[in-house]
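Protein chains in written order, with our numbering: chain A, 19 to 133; chain B, 464 to 576.
To be clear, the hints were calculated from the coordinates, so they are not data collected in a lab. Accuracy of the hints is not assured; some may be wrong.
[Claimed, not checked] What follows is a list of derived Cβ distance ranges for each label pair: (1) B:519 - A:76: 30 to 40 Å; (2) A:32 - B:518: 28 to 38 Å; (3) B:576 - A:59: 46 to 56 Å.
[To be verified] Using 27 Å as the maximum straight-line C-alpha spacing, the simulated DSS-like pairs for lysine-lysine come out as follows: (4) A:29 - A:75; (5) B:505 - B:521; (6) A:96 - A:75; (7) A:96 - A:32; (8) B:505 - A:96; (9) B:521 - A:75; (10) B:532 - B:505; (11) B:532 - B:521; (12) B:531 - B:512; (13) A:29 - A:96; (14) B:531 - A:75; (15) A:29 - B:505.
[Said to hold, decoys possible] Some chain B residues flagged as far from chain A (calculated, every beta-carbon gap over 10 Å): (16) 471; (17) 480; (18) 507.
These figures come from a predicted structure and were not determined experimentally. C-beta atoms are modelled at their ideal positions from N, C-alpha and C, and glycine is treated no differently.
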Amino acid sequence: GAGVSQSPRYKVAKRGQDVALRCDPISGHVSLFWYQQALGQGPEFLTYFQNEAQLDKSGLPSDRFFAERPEGSVSTLKIQRTQQEDSAVYLCASSLGSGVVIEQYFGPGTRLTVT
Amino acid sequence: AQSVTQLDSHVSVSEGTPVLLRCNYSSSYSPSLFWYVQHPNKGLQLLLKYTSAATLVKGINGFEAEFKKSETSFHLTKPSAHMSDAAEYFCVVSWGGSYIPTFGRGTSLIVHP
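Construct all of the structure, not just a fragment, from the sequences and the given hints.
In structure tokens:
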């Protein structure tokens with residue numbers, strides 16, 4: 019069966035460009051998470067969706083970051099006016115349930131490099 | 464703020480010898496504890512989880528971890544390392560039923576032949 023997929027796998031953007039990162043969760047999974055993983059660090063929470071509702075966006079580092087999941091399946095993380103500090107791996111994860119943390123299934127990530 | 468500390472950034476073992484990856488967390492208030500593994504160019508995969516059942520948790524690929532509340536620790540062990548165990552390992556904790564997990568910085572396991 020298909021796991022979580024993310025595209026593109028690699029993205030190089032010039033400083034100031036807008037980027038859009040896509041996540042296809044496992045079909046039927048209610049919860050979807052976005053994380054940012056800087057080099058040599060563990061993933062850090064960005065935002066959480068339960069179906070189409072964005073229940074928590076407390077981890078988004080600035081108002082340049084925006085995420086959506088309009089139909090409760092595919093999600094897009096958009097970064098406007100990219101800066102060098104945005105360079106990181108962006109991970110998407112989905113889980114079958116909601117609420118209390120249960121097993122999350124992670125995608126391979128999108129490596130964003132801002133030059 | 465709650466925190467997760469992985470005490471070693473790198474652990475190097477020989478194939479066939481025991482593995483110990485250490486994890487401590489900042490508060491004992493109703494933690495849910497997980498270990499994930501990340502192989503290069505692959506997504507993180509759940510190894511095992513503790514959610515208030517037995518304190519000794521068995522996971523996939525021969526790994527296990529013991530929840531010690533008094534020590535606020537959740538160390539990961541394996542009796543005999545295999546070359547395929549070489550990867551990055553993350554200790555993950557959430558508190559009080561929160562859906563937001565906190566990741567440790569990761570421990571890179573190196574296995575020598």
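Run the structure past the numbered hints and jot down the numbers of the failing ones, going up.
-> 2, 3, 9, 10, 14 and 18
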